[in-house]
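So you can see what is in the structure, the chains are spelled out below.
6 protein chains.
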Amino acid sequence: MPVIRVEMFEGRSTDQKRELVRELTDAFVRSCGGTPQSVQIVISDVAKSDWGSGGQLCIDKA
Amino acid sequence: MPVIRVEMFEGRSTDQKRELVRELTDAFVRSCGGTPQSVQIVISDVAKSDWGSGGQLCIDKA
Amino acid sequence: MPVIRVEMFEGRSTDQKRELVRELTDAFVRSCGGTPQSVQIVISDVAKSDWGSGGQLCIDKA
Amino acid sequence: MPVIRVEMFEGRSTDQKRELVRELTDAFVRSCGGTPQSVQIVISDVAKSDWGSGGQLCIDKA
Amino acid sequence: MPVIRVEMFEGRSTDQKRELVRELTDAFVRSCGGTPQSVQIVISDVAKSDWGSGGQLCIDKA
Amino acid sequence: MPVIRVEMFEGRSTDQKRELVRELTDAFVRSCGGTPQSVQIVISDVAKSDWGSGGQLCIDKA
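From first to last, the protein sequence lines are chains A, B, C, D, E and F.
Quick note on numbering: the UniProt record's numbering labels position 7 of the first sequence as 7, and the sequence is numbered without any gaps.
Quick note on numbering: the UniProt record's numbering labels position 45 of the second sequence as 45, and the sequence is numbered without any gaps.
Quick note on numbering: the UniProt record's numbering labels position 43 of the third sequence as 43, and the sequence is numbered without any gaps.
Quick note on numbering: the UniProt record's numbering labels position 59 of the fourth sequence as 59, and the sequence is numbered without any gaps.
Quick note on numbering: the UniProt record's numbering labels position 53 of the fifth sequence as 53, and the sequence is numbered without any gaps.
Quick note on numbering: the UniProt record's numbering labels position 7 of the sixth sequence as 7, and the sequence is numbered without any gaps.
Extracted from the complex, chain A is given alone in its bound form (with noise of 0.2 Å):
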């Protein structure tokens, strides 16, 4: 049942997503019980020219 939704900057690779998903899951599991199985995981990729942070889009940063 647990849904886990995760934004981040865009840029990482699908074996990144491939271990990020098997860890979030055990992680999961591990401290909230439950079955891997039930656990779904969406992910988005977001660009640092639509993600703002200290009133600056992250593109604009450094």
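Quick caveat, the hints were computed from the structure, so don't treat them as lab data.
Take these hints with a grain of salt, some might be off.
To be verified - Residues from chain A that face chain D, not an exhaustive set, calculated with beta carbons under 8 Å: (1) 1; (2) 42; (3) 50; (4) 53; (5) 56.
What the hints assert, rightly or not - Derived DSS-like pairs: lysine-lysine, alpha-carbon spacing no greater than 25 Å straight-line: (6) E/48 x E/61; (7) E/48 x C/48; (8) D/48 x B/48; (9) A/48 x B/48.
Said to hold, decoys possible - Per label pair, the in silico range of CB-to-CB distance: (10) D/16 x F/48: 24 to 30 Å; (11) C/59 x E/26: 18 to 24 Å; (12) C/48 x B/10: 31 to 37 Å; (13) C/34 x B/35: 24 to 30 Å; (14) B/47 x E/11: 20 to 26 Å; (15) C/35 x D/33: 43 to 49 Å; (16) A/26 x E/15: 41 to 47 Å; (17) B/30 x C/48: 19 to 25 Å.
A virtual CB, placed ideally from N, CA and C, is assigned to each residue, including glycine.
Since the structure of chain A is already known, use the hints to place chains B, C, D, E and F on it.
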């Protein structure tokens, strides 16, 4: 006022989305009242390489 | 795999939510295929003091 | 700590997003306190073929 | 059409939310156009025991 | 920058959430890099009467 957000695998046609929006709007109004004009629906197409289930990326599942 | 998230004003009964879940699930399967078992629906009840429209809190609207 | 998520029709320029981030950050700090550094803003551009209103896709509206 | 979702620590007053909604709506219209009537804002109050940062629950931070 | 949102059945203890936040943060940094300080995690406890699966409310499932 209701906002309905749909995250689903990418690949559906605009016609399917057209029907989905009509059906979801009718389904909401029938069960919870309100008017069709008030119902906002936002669809997110998600790649199978961005969706994890059971500790695996869905792109890796048969 | 689809996750449908509904944000609506608080106040609907569990029976209305029961019907909403049945109707939204059928609406999705009819228009986009897949199986009812795969459809996850998460409902968020939102107070009118937490919903803004047209620059006002909805609690302040007639 | 606040996370502000904006879903809007695609088509705005990076300059408009730059101003949006500055303005939303200032608006939050003025009304709710905290520091600009703590405010995270994530922007999602949504195609009119992925946004439904009043039972129609917005791409089908005049 | 834009939907702006704000997740912030619980504890702000309705008056602060009233001002937040007014300010965010104006900020959006000034930078991205559209009309105030089209801007929907949904506020989620989050307990510090439900917000993690730097690997800790915020409730555990000084 | 990453924001991880977890929607799960209500009922977990603050200690479980404490461990969940630590584990998810480590899991993200191990697989996708970045620093623990940059990882924000927002947890939503969802009642079984607000979660639908297979066309039913989870509160109605054995």
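Going down the list of hints, with the structure as the test:
no.	hint	result
1	1	violated, 23 Å
2	42	violated, 13 Å
3	50	holds, 4 Å
4	53	holds, 6 Å
5	56	holds, 7 Å
6	E/48 x E/61	holds, 9 Å
7	E/48 x C/48	holds, 23 Å
8	D/48 x B/48	holds, 23 Å
9	A/48 x B/48	holds, 23 Å
10	D/16 x F/48: 24 to 30 Å	violated, 42 Å
11	C/59 x E/26: 18 to 24 Å	holds, 19 Å
12	C/48 x B/10: 31 to 37 Å	holds, 35 Å
13	C/34 x B/35: 24 to 30 Å	holds, 28 Å
14	B/47 x E/11: 20 to 26 Å	violated, 38 Å
15	C/35 x D/33: 43 to 49 Å	holds, 48 Å
16	A/26 x E/15: 41 to 47 Å	holds, 45 Å
17	B/30 x C/48: 19 to 25 Å	holds, 23 Å
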